[in-house]
Every structure is written in C-alpha cells, then in structure tokens.
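Colleague: If you want the building blocks of each chain, they are given just below.
4 protein chains.
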Amino acid sequence: MKALVYYGPGKKKWEDKPQPTILKATDAIIRITKTTICGTDLHILKGDVADVTEGRILGHEGVGIVEETGEAVTNFKKGDRVLISCITSCARCVYCKKGMYSHCVNGGWILGHLIDGTQAEFVRIPYADSSLYPIPAGSDEDALVMLSDILPTGFECGVLNGKVQPGSTVAIVGAGPIGLAALLTAQFYSPSAIIMIDSNENRLSIALQFGATHTINYEQENSVQKIMELTGNTGVDTAIEAVGVPASFALCQSIIAPGGTIANIGVHGKSVELHLEQLWSRNITITTRLVDTVTTPLLLKTVNSKKVDAKKLITHYFSLNDIISAYDTFEKATSTKALKIILNSDL
Amino acid sequence: MKALVYYGPGKKKWEDKPQPTILKATDAIIRITKTTICGTDLHILKGDVADVTEGRILGHEGVGIVEETGEAVTNFKKGDRVLISCITSCARCVYCKKGMYSHCVNGGWILGHLIDGTQAEFVRIPYADSSLYPIPAGSDEDALVMLSDILPTGFECGVLNGKVQPGSTVAIVGAGPIGLAALLTAQFYSPSAIIMIDSNENRLSIALQFGATHTINYEQENSVQKIMELTGNTGVDTAIEAVGVPASFALCQSIIAPGGTIANIGVHGKSVELHLEQLWSRNITITTRLVDTVTTPLLLKTVNSKKVDAKKLITHYFSLNDIISAYDTFEKATSTKALKIILNSDL
Amino acid sequence: MKALVYYGPGKKKWEDKPQPTILKATDAIIRITKTTICGTDLHILKGDVADVTEGRILGHEGVGIVEETGEAVTNFKKGDRVLISCITSCARCVYCKKGMYSHCVNGGWILGHLIDGTQAEFVRIPYADSSLYPIPAGSDEDALVMLSDILPTGFECGVLNGKVQPGSTVAIVGAGPIGLAALLTAQFYSPSAIIMIDSNENRLSIALQFGATHTINYEQENSVQKIMELTGNTGVDTAIEAVGVPASFALCQSIIAPGGTIANIGVHGKSVELHLEQLWSRNITITTRLVDTVTTPLLLKTVNSKKVDAKKLITHYFSLNDIISAYDTFEKATSTKALKIILNSDL
Amino acid sequence: MKALVYYGPGKKKWEDKPQPTILKATDAIIRITKTTICGTDLHILKGDVADVTEGRILGHEGVGIVEETGEAVTNFKKGDRVLISCITSCARCVYCKKGMYSHCVNGGWILGHLIDGTQAEFVRIPYADSSLYPIPAGSDEDALVMLSDILPTGFECGVLNGKVQPGSTVAIVGAGPIGLAALLTAQFYSPSAIIMIDSNENRLSIALQFGATHTINYEQENSVQKIMELTGNTGVDTAIEAVGVPASFALCQSIIAPGGTIANIGVHGKSVELHLEQLWSRNITITTRLVDTVTTPLLLKTVNSKKVDAKKLITHYFSLNDIISAYDTFEKATSTKALKIILNSDL
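Residue numbers (this note's numbering), protein chains in the order written: chain E, 1 to 347; chain C, 1 to 347; chain P, 1 to 347; chain B, 1 to 347.
In case anyone wonders, no lab produced these hints; they're calculated from the structure.
Check each hint, because a few of them may be wrong.
Treat identical chains as interchangeable: a pair holds within one or across any two.
Said to hold, decoys possible - Straight-line C-alpha distance at most 20 Å; calculated SDA-like pairs for lysine to any residue:
#1 K306 x L230
#2 K301 x C93
#3 K46 x S319
#4 K97 x G232
#5 K11 x A25
#6 K12 x T329
#7 K78 x A25
#8 K13 x L23
#9 K2 x L339
#10 K163 x L298
#11 K77 x V94
#12 K17 x P126
#13 K97 x L298
#14 K307 x D140
#15 K24 x E68
#16 K301 x T231
#17 K2 x D16
#18 K97 x N233
#19 K301 x E229
#20 K97 x P297
#21 K306 x V267
#22 K12 x D309
#23 K301 x T234
#24 K97 x P258
#25 K270 x P258
#26 K301 x D80
#27 K270 x A247
The model shown is predicted, which means the values in this text are computed figures rather than measured ones.
Build out the structure end to end from the sequences listed, making use of the hints.
Modeller: Here it is as structure tokens:
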C-alpha cells in the first residue's frame with residue numbers, strides 16, 4: 001500500500017509500505033477513505049517530537065471502512081464505516097475508567113507517533129472496540145474527519161475545561177484551526193460574547209463568519225484595553241489559550257475576570273511566568289488537557305443534528321495520492337489560507 | 001475603649017480609641033469577647049500591605065455579643081452571640097450573588113484593613129445581616145473563633161478547590177496554621193493519604209496528631225522522590241500550596257498526578273514559573289482563591305457535631321489586655337510553638 | 001392609583017387603591033411601566049390559591065421605574081429602570097444564601113399573593129436590593145417582562161434541573177407558555193432533538209417555529225411509540241413536565257431513557273403514581289422546583305446578546321387600563337391564541 | 001466442581017456441576033476463595049426473579065484466584081487474586097462509556113441471574129478485564145467480599161446519589177445490610193447527623209455502633225415527628241430508602257427538607273404514591289439506581305486505608321461446603337442476627 005513515511009526532520013516520502021495486519025485479538029485493520037493533516041504533523045516533521053522514529057507512517061485522523069477485525073472485537077465487522085479517534089483507548093486501565101483516555105497506559109496518542117498512522121491506504125487500530133466509532137448512515141464523512149482530533153480538542157480542552165456558560169464572555173487567543181474549533185463548539189453553550197484574538201486578518205474574518213462577536217488584531221490594537229472595554233472593565237469569564245507560546249498565556253492572565261477560567265489548549269515548548277502575586281486572590285482556575293476524545297459520541301450527535309457545521313473548517317480537498325502537495329498547501333497556510341484539508345483515498 | 005492600633009511598619013499600640021458607632025442602617029456594633037491574631041496581621045506590621053493606613057485598628061477574626069444594630073438589620077438584635085466573618089458581604093452585588101463574597105464590591109476583606117477591626121473591645125460590622133453568623137446555644141466559642149478565617153480558608157481554598165475525595169491522595173505543602181486547617185478539613189472527605197511537607201519538626205509532629213498519614217521534612221528528605229514512592233510513582237491527586245513562595249509552588253508541580261489539582265492558598269509576593277512545557281498535556285487544574293467564607297454555615301455544623309475539633313489549632317490563651325505579649329508569642333512561633341492564640345476580653 | 005383587585009373566586013375589579021408607601025428601610029416603590037398576566041393569576045381567580053385574601057392586588061411580573069427607596073436600599077435610586085422578580089429574596093436567610101430564593105423565609109413568592117402585586121400603577125417591593133434587577137440601557141423592555149417569571153421558570157425548573165446537554169434529547173410535555181419558555185431556553189445547550197407534546201395544533205405549530213425538532217399531538221398519535229421511534233427505542237435524556245396533571249407525569253415516566261431526568265415544572269393539585277417497580281433500577285432522576293430566579297442575571301445577558309428572543313412569547317398588547325379585556329383574552333387562549341400579553345401603563 | 005444450583009421456587013442443591021471453560025477471548029475462569037449470600041438470592045429462591053431459570057448456579061459476589069484467561073484478557077493472568085464485581089461491564093457499549101455499567105448492553109447484572117454465578121468452586125467471568133479488580137497485596141479479603149455488591153450499592157445508590165455533604169443531615173430508612181452499608185459509606189462525607197429508622201432493635205443497636213447519631217424504632221415512635229424535632233422542623237437533607245416498600249418511600253417524602261434528595265436503593269415490587277401536590281414547589285430531587293460498581297476502585301482505596309471497616313458487616317463464617325446451612329442462617333436473620341456471611345472455599 002501507499003503511505004506517508006517520516007524519515008527524520010524535514011524528510012517525508014509517499015511510498016510503498018507493507019499493508020498492516022492484525023497483531024492482537026483487539027486490533028482492527030481500517031481502509032482509509034478520508035484523512036487530514038494536523039499541525040502536530042508539521043511539528044513532527046520539524047523534529048520537535050523526539051519519540052517519532054524514522055520509518056514511521058504519520059497521521060492520527062480519518063474515517064474509513066473496516067477491512068478485518070481481531071477475534072476479540074465485537075462492536076465492528078468488515079465493511080462497517082468508522083470514525084478513527086486520534087486517541088487510542090484500551091477501556092480497561094485506571095485512566096480509561098476515569099474518562100482520561102489521553103493517559104491510557106496502553107494507548108493514548110500513539111497513532112502516527114509511536115505506531116503507524118492514518119496517512120496511508122490502511123491502518124491498524126489497536127483496541128478497536130473503544131478507539132473507533134460507528135458512522136451513522138447518512139453522515140457527511142468530510143465533517144466527521146473533524147471529529148478525529150480538532151473538534152474534540154477545541155471542545156474538551158477549551159470549551160468544557162473553560163466552563164463556557166449561557167450569557168458568559170469568552171476570549172480565544174489564536175484563530176488557527178484549533179482556536180476556530182473552540183469557537184465553533186463554544187456556541188453550544190450560548191455565551192453572550194466570543195472575542196477572537198490573532199494577528200492574521202484572514203483568520204479573524206473567518207472567525208466573524210464562524211460566530212465570533214468581536215475580533216482583535218493584537219498587532220494593531222491593545223488587546224487588554226479593548227477586552228476591558230468590551231467587558232465593563234471586569235475581563236472575560238473564560239480565556240482559551242490556543243497558540244502555545246508565553247505571550248498568549250500572559251495575555252490570558254491579563255484579561256481573566258475574578259472567578260474566571262483560563263483553559264490551555266496550546267502545546268507549549270517552554271515554561272511561562274504565572275503571576276500568582278496578582279492571581280492568588282482572584283479565584284482563578286487554570287486547566288491543561290490533552291484531548292481525551294471522551295466527547296466523541298456527543299459531538300457525533302451535534303454534527304449530525306446540525307448544531308455545529310464542522311465542515312466550515314475544511315478549506316481544501318486533495319487526493320490522498322497528492323498528499324505531498326497537500327502538505328505544501330498546509331505548511332503555507334498564511335498564503336493558501338488553509339485550515340483543514342481533506343485527503344480522499346482513490347481506493 | 002481599648003484597641004490595637006497600627007502606626008506604620010513595626011509599630012503598634014494598645015491604646016484608647018473612641019467606641020465605634022452605627023454609620024449605616026445595615027451596620028451592627030459588636031462587643032468582642034474573643035479574638036485572635038492572623039499571619040496577615042504580621043504582614044501588615046511588616047508594612048507589606050500598603051493600603052493599611054496609620055491609625056487603623058487591626059484584626060479580622062473573633063466572636064462577640066451584639067451591642068447595637070442599625071435599623072435595617074433584621075437577623076440580629078442586642079445581646080445575640082455572633083461569629084464575625086473575616087469577609088464582609090453586602091449580599092446584593094454581582095459577586096455576592098455568585099457566592100464570591102471575597103470580591104464583594106462593597107465589602108470583601110476590609111476589617112482590620114480598610115476599616116477598623118476586631119482587636120478591640122468593640123467593632124463596627126457593616127452589612128451585619130450577611131457578615132455575622134448566629135452562635136448556636138452550647139457552642140464552644142473558642143472553637144468558633146477558628147471559623148472567622150482560618151478554617152474556611154483551609155477548607156475553601158485548599159480542600160474544596162482541591163477536590164479532595166474519598167480514597168484520594170493529598171499533599172499539603174506547609175504545616176503552619178493554614179496548612180493544618182486544610183489538614184483538619186480535608187478529613188471531611190476521607191482521603192486515603194494526607195502527606196504534610198514542612199521543615200519544622202514540631203509542626204510535622206502536630207500534623208501527625210491531627211491526622212496526617214505521612215510527613216516529609218523537605219530539608220532532610222527528597223520530597224518528590226518520597227511522594228512518588230508513596231503514590232506508586234503517579235503523584236498526588238491534590239496538592240495544596242500553603243506557604244506562598246515559588247519553591248513550594250514548584251514542588252506542587254513536581255508531585256501532581258495526571259488529572260490532579262493544585263490548590264493554592266498561599267499569599268504570593270512574586271510570580272512563579274509554570275512548567276506548561278510539561279503540564280500542558282497532563283490534564284491538570286490549578287486554582288487560586290481568597291476565602292469567601294461561603295462555607296461558614298457548613299463549618300458551624302461540622303464543628304458543633306464534632307466532625308472536626310477546631311480547638312486543636314489553639315496553643316495559647318491571653319487576656320485581650322495582654323495583646324502585645326500575645327503578638328510577641330505569635331511572632332516567635334518557632335520557639336513558642338504557637339499556632340492560634342485566643343485573646344479573651346475582660347469586659 | 002388604579003389596580004386590579006381580587007374579590008374572591010371569579011371576582012376582580014380595576015379600581016382605585018391607595019398608592020403604596022415605604023414600610024421598611026429595605027423597600028422600594030416602583031412605578032409599573034409594563035406588566036403581564038400569568039396562568040397562576042387565573043388559578044387565584046378560580047379560588048385555587050387559598051391564602052390569597054379578598055382585597056389583594058394581583059400580579060407578580062413587570063418592569064418599571066423606581067419612584068422611591070427606603071434608606072437601606074443602595075443598589076437603586078429614584079428614576080432607575082428595573083426588572084421586578086416574581087420572587088422576593090431577603091438575601092440573608094439560610095435559603096437565600098443557598099440560592100433557593102423561592103424558599104426565602106422573609107420572601108419567596110409573595111407578590112400578588114401575600115402582599116399587593118404588580119397589576120397596578122405602583123407596587124411596593126420588599127428587599128429591593130436583592131429582588132429588583134437594573135435594566136441595562138438599550139434593552140427591549142417588552143422582552144424583559146418575560147424575565148420576571150416565565151423564562152426563569154422554564155429555564156431553572158425545566159432546562160437546568162433537566163440537565164439538557166449538547167447532543168442530548170429532550171421531550172417537553174405541554175406547549176403552553178411555560179413549556180414554550182422551556183423550549184426557548186433549552187436551546188442554550190444545543191440538544192440534538194426537542195420533541196414537544198400537546199393536543200393544541202396551534203401551540204405545536206408555534207413550537208416548531210420556536211425551534212422544536214418534532215411535535216406530537218397526543219390525541220392523534222401514540223406519544224410513547226413515536227418517541228421510542230425517534231430515539232432509537234431508548235427514550236429521551238430529559239423529559240420536562242409542563243402541565244401539572246397525572247397523565248403528563250405518567251407520560252414522562254414512559255419515555256425517559258435509562259440515566260435520564262424528569263424535570264417537573266407543572267403545578268400539581270393531586271398526587272401521582274410513581275412506577276418505582278419499573279424505575280428503581282433505571283438510574284432515573286426526578287426533580288421539582290419552584291422558580292428561584294437565581295438565573296435572572298444570566299438570562300438578562302442572553303436576552304440582551306440575542307441568544308434567545310424572549311419577545312416571541314408575546315402575542316397581545318393592551319393598555320394597563322384595559323386589563324379586564326386582557327384577562328378575557330388570556331382566559332380564552334384557545335380561541336385567541338394568547339401566550340403572553342403585555343400591559344402598558346399610560347402613566 | 002461443587003455449586004449451589006437453583007431448581008425453581010424454594011428449591012436449591014449443592015451438587016456437582018461441570019467446571020466452567022473459556023467461551024470467549026475476553027473471559028476468565030476464577031477459582032472462588034470466598035463468596036457470600038445476598039438478599040437478592042433469597043428473592044430468586046422465592047421465585048420473584050422470573051428470568052432465573054432452573055439449573056442456574058446462584059451468586060454474584062466473591063473473591064478468588066485467576067485459573068485461566070482468554071487470549072484477549074490483558075489485565076490478569078493465572079494466579080492473580082481478584083475481586084469479582086456483581087456487575088459485568090463490557091467497557092465498550094454506550095452505557096459503559098458513560099459509567100452506567102449496570103445498563104451494559106453486553107453485561108450488567110448477569111452473574112447468578114442470566115449466567116452461572118459465584119456460589120461455586122469456579123466461575124466464568126465475561127469481559128474479565130473490566131469486570132474484575134486486582135486485589136492489592138496485604139488486603140483483608142473478607143472485607144473485600146463486601147465490595148462485590150453491598151458496599152458500592154449503599155455508596156452509589158444511597159450516598160452519592162443522595163449528595164451527602166459535610167455537616168448535612170441524613171436519614172436512612174431500613175437498617176438491613178444495605179442500609180448499614182449506606183450508613184458506613186455516608187461517613188466518608190462527615191454529615192452532622194445520620195438517623196437510622198427500622199423496627200428491629202438489634203439492627204438499630206448495630207447502627208449506633210456503626211456510627212448512626214440517632215435511631216428511631218418506627219413501631220414505637222412517630223418517625224416524622226421525631227425527625228422534625230431533630231432537624232429544627234426542616235427535615236433531612238438526604239433521605240435514603242433502603243427497604244423497597246411503599247410505606248418507607250412515603251416516609252422519605254414526609255421527612256425531606258426543601259432542596260433535599262430522596263435516594264432510592266430499595267427493590268420495589270409495586271408503584272408508590274408520589275405527593276407532587278406537596279413536593280412540586282419544594283425543590284426536591286428523587287433518584288433511582290441499580291449499582292454500577294463504578295466506584296469499586298475508590299472503595300478499594302478507602303477499605304485498604306481503613307477509612308471504612310467493611311468487615312463490620314460480617315456476622316458469620318461458613319465453609320462453602322456448608323452453604324445450605326449458611327442460607328438457613330441468612331434466611332433467619334431476625335433470630336440469627338445475620339448480616340453478611342463469609343463462605344470460605346476449602347480448595
């Protein structure tokens with residue numbers, strides 16, 4: 001089969017690889033019909049994720065069709081259409097039992113990381129019964145690709161952890177795909193204001209189309225001052241960090257109202273300064289989270305009942321065979337305006 | 001009347017002051033029967049709390065007897081025995097309606113800070129109906145002095161924010177009066193382990209008597225290593241910071257289990273380093289809080305039903321007239337082993 | 001002034017009454033600008049509410065302008081535009097401190113019940129600081145009349161108690177004004193389906209316009225069978241009872257999914273049969289509640305940010321002087337299709 | 001092997017049966033070391049549980065040693081000591097993912113009910129990875145037998161559903177083994193009062209030894225009147241129904257405070273009268289639940305850290321070979337004072 005293989009920093013090839021086979025009774029083999037590229041894949045290609053070894057097939061998102069199942073798999077059979085979760089859950093460890101699939105001692109984020117991933121014609125999914133989701137008949141499968149990772153990430157790490165409520169005020173720092181996923185899913189709870197902060201005018205204009213009530217270009221405006229004006233000088237109830245750098249986390253600390261929550265989504269490469277000398281008395285909550293995909297069943301229902309239009313995040317379509325071009329487009333997001341790209345298999 | 005008056009850094013006098021009078025219809029005048037000294041009072045005397053002006057009567061804890069009430073006060077009448085909350089709550093602002101009395105726009109922590117306090121023979125309490133609590137007949141009033149500040153602070157900021165649960169593991173960094181108050185109230189929820197960390201052997205030994213399951217002298221042992229041993233190498237579910245310096249907050253970050261909560265109680269004078277490069281993916285919650293005293297009714301019930309022996313925190317008794325000596329004893333806590341001191345009025 | 005006065009079952013008069021005056025320091029006198037009629041007022045006029053005595057001015061909803069305040073009132077001053085809550089909250093009793101204003105020992109539902117109400121040119125509001133809400137500039141005051149009672153009732157008793165969630169399924173039994181208020185506010189949480197059940201085709205058609213995903217005319221269809229079809233034979237996650245008769249509560253028991261919640265709003269005049277022999281093992285929750293109006297600040301934000309169009313509930317407008325005709329229209333709701341009626345003062 | 005086999009109402013035999021074998025890859029065979037008898041077993045023997053067929057081995061509680069595992073089982077291996085949950089959880093269905101193991105579409109309560117159970121020398125456990133729990137070294141295995149069913153039932157259905165809190169008041173109607181299990185686990189949360197109600201003086205006296213603060217013999221005292229006296233005329237915050245008859249559920253309705261919770265544990269054979277005409281406005285919650293055993297890991301920690309002495313429930317010990325005598329003792333609980341009986345295997 002064809003697959004996108006990592007060969008060290010900056011090097012990837014779309015090449016022939018052996019088709020995966022069942023290794024354990026709990027495995028399933030999935031024929032990929034649609035996959036996509038994540039910002040994390042770009043980090044891997046920069047060499048930032050040290051435990052991805054050369055020869056690894058990348059990708060942790062996608063939908064497909066069950067090709068084969070191990071004998072302990074009972075939820076799925078050959079021919080079933082399935083959504084692949086970016087998080088593999090064994091459903092039997094202490095973390096899975098608590099709903100913290102991200103910390104599964106037998107799984108977690110392993111696809112396209114510690115085992116071969118979904119940017120290929122076939123993929124092996126361990127613990128298939130608890131790591132795949134059946135696709136209801138009549139679903140829009142392009143939309144469902146957004147449920148492998150980006151939508152649950154924005155929702156769980158940003159919206160749920162951030163305790164967005166009817167009538168509350170929300171600021172989202174970073175209008176990239178993840179920030180926009182938080183924006184889309186924050187609207188499940190009818191906050192009175194959602195303020196998007198970025199320096200990319202295209203993304204801010206998309207944010208307005210996606211339901212933001214206000215946008216701030218932090219290079220052109222004083223973000224703190226404007227948010228204080230918009231919130232009657234109290235700050236926001238929820239600040240969602242969707243970038244992963246010290247400056248954006250610092251901004252969140254400056255705009256959070258007493259009693260508010262800073263929900264971190266960003267992947268941080270270094271420590272940040274926490275202003276406890278100001279925040280110790282302000283009744284603040286700060287949360288971090290790696291997506292658990294525990295809300296996938298909920299999100300499936302909201303997508304299929306049209307409470308959220310997940311397809312809005314898709315800007316480009318490519319054939320899976322053209323994945324190298326798709327990476328180019330995704331890497332040059334500023335000029336191509338790419339958010340999420342659907343890669344369709346020709347099989 | 002006699003009162004303890006602040007005259008700038010390092011200067012205090014027990015001297016005659018005019019007896020307070022009703023200024024607003026919602027005020028009450030309380031004759032103090034018992035009061036105590038808080039670590040915060042020492043901070044004020046060091047000059048650390050800039051908005052305390054010279055001439056201010058200190059103190060924000062105590063019990064007493066209603067002497068006089070403004071005409072809008074309906075919950076209390078002359079002669080009633082009352083507990084004074086360290087937090088004044090107007091009960092009508094946006095924060096009070098949310099239970100965040102600490103941020104009351106008309107009150108909050110003002111006693112012995114922005115208005116005259118309780119280390120005196122009489123004190124004026126604004127918004128008396130919502131800032132005083134009736135003392136049930138037969139209560140031990142020494143114990144109830146612990147409910148003005150220290151017990152709700154340990155409970156709300158440490159135990160409730162820290163989400164202590166049956167069977168969970170708790171570490172408390174700092175075995176001073178506040179850390180010990182967290183230790184006492186954490187036991188309401190039957191955690192399986194409570195580990196106290198300090199360098200003062202006397203306080204660690206008190207912690208064991210108060211119900212700690214393990215103690216660590218951080219000057220003699222490697223705290224992180226020992227906690228990892230005690231927790232099967234996962235860390236604790238709840239880490240309570242009860243000191244207020246960067247090193248103790250750093251320790252909390254090193255010992256928190258995935259999915260755990262760091263509950264800050266300490267008053268911090270400078271910023272700390274937050275290791276988001278490690279914690280971003282660990283599903284951690286960090287909370288800060290100034291005590292709201294919203295749990296005072298609950299704590300009254302637990303004290304009176306003997307679910308917690310709040311008197312354990314009391315090490316010394318003085319006459320209110322000897323408050324200067326009491327401050328000496330409290331300041332030299334290492335040698336005097338003072339935790340909380342009861343000052344009894346002779347009136 | 002003019003007022004609508006109750007004179008025993010079936011008897012009411014729009015007549016001259018003395019203008020109310022401040023009786024306590026915490027009172028305010030409000031000049032009514034808009035009020036409305038509640039189904040409860042009809043119950044009173046039938047003689048169903050025994051503790052309403054002859055001579056009582058009816059009405060517990062409305063907006064107005066502060067005319068005078070007692071000296072302990074600090075949140076409001078003459079000339080302020082205010083929303084009147086149907087629930088009077090003293091903010092200082094054990095229930096108010098818990099957010100259960102409905103059970104306020106000094107207030108609760110007293111307006112137009114135990115003290116004179118809002119269907120008059122002026123009304124005295126006890127505990128004005130905690131029973132009135134300031135109206136933000138630019139608000140649509142017709143919409144805000146819906147916040148005195150009907151919107152918080154549908155939201156608190158039905159939607160919040162019923163734990164409506166993104167993607168969940170909801171059935172509302174009864175499409176009268178209260179059921180429709182639950183329908184409007186349920187959408188704050190983006191459930192995947194909201195099924196309205198009634199026998200009045202006009203109200204079912206309004207429900208569809210208001211956002212119901214399905215309607216059932218229980219006289220023409222088998223409600224249980226249809227709901228089971230719509231929910232894949234599991235039942236609904238939330239069943240909201242908005243009628244107050246045994247049959248509608250029975251229906252809720254028949255359609256609730258395992259793990260679901262039956263939230264009762266209806267005012268019941270007799271006991272009902274609870275099928276514990278079936279439900280004991282089904283992990284069901286049943287809730288009852290008299291509206292607390294604790295969510296009024298939240299609802300003000302959602303109305304003013306256009307997350308809910310509360311004006312949709314208004315079908316008729318009358319002058320306050322024509323209140324007798326307005327009652328006629330409201331009583332004959334089946335033919336007049338009345339939901340909520342705005343009564344505008346001519347003052 | 002030897003097993004206790006049901007042969008229709010009133011008939012049971014301790015006889016030879018074939019040893020169970022692995023049927024599916026997710027199965028394990030457990031050699032029983034300790035088991036016990038449940039009130040439910042008596043119901044089955046009365047013929048009350050229609051779907052138990054003749055030839056069925058009874059029993060759904062116990063601890064044992066893994067004899068053999070299917071090839072998909074990864075958490076356990078031959079020789080491991082394990083706790084058997086009364087609820088079988090597949091960990092992959094919609095209910096298991098929500099923590100509602102009791103409603104598992106592939107499991108739930110099936111042991112000694114729809115498949116052969118634990119009152120035997122060996123038992124087959126389906127979905128072993130998620131239906132067994134490893135026993136920590138040094139555990140008291142007699143105590144752990146209480147964790148198969150009775151302790152999680154009292155805790156989940158009574159205490160957790162009943163929202164017992166520090167300082168709150170609790171009434172438990174029924175002082176049988178289940179009511180006593182609720183009593184033991186309610187103390188995890190330090191309520192200020194726990195009132196036990198029964199007519200059996202022996203059980204009431206045991207309740208006092210187990211930590212009840214008050215007892216009421218409902219045949220000798222007016223339960224409602226006494227509870228109102230004990231609670232300052234407001235009723236209890238939590239009422240736990242642990243009998244399963246209309247009279248005890250009626251009592252719960254009469255003693256519940258506004259804002260309180262009635263948590264049903266009892267297995268009801270007929271419907272009850274629900275006084276909505278009184279309760280509709282009292283902000284009450286009523287819950288039902290079949291034990292999910294989702295708290296087994298928590299309970300293991302509380303037992304092993306000695307926060308609860310589960311062995312207190314054990315009154316008698318028999319050899320498993322003497323199970324017929326043990327049933328006699330258990331059936332005549334009034335005279336034998338039996339609560340829980342440990343049956344030790346001789347293997």
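Colleague: Honestly, which of those hints from before does the structure not fit?
Modeller: Failing hints, ascending: 3, 5, 8, 9, 21 and 22.
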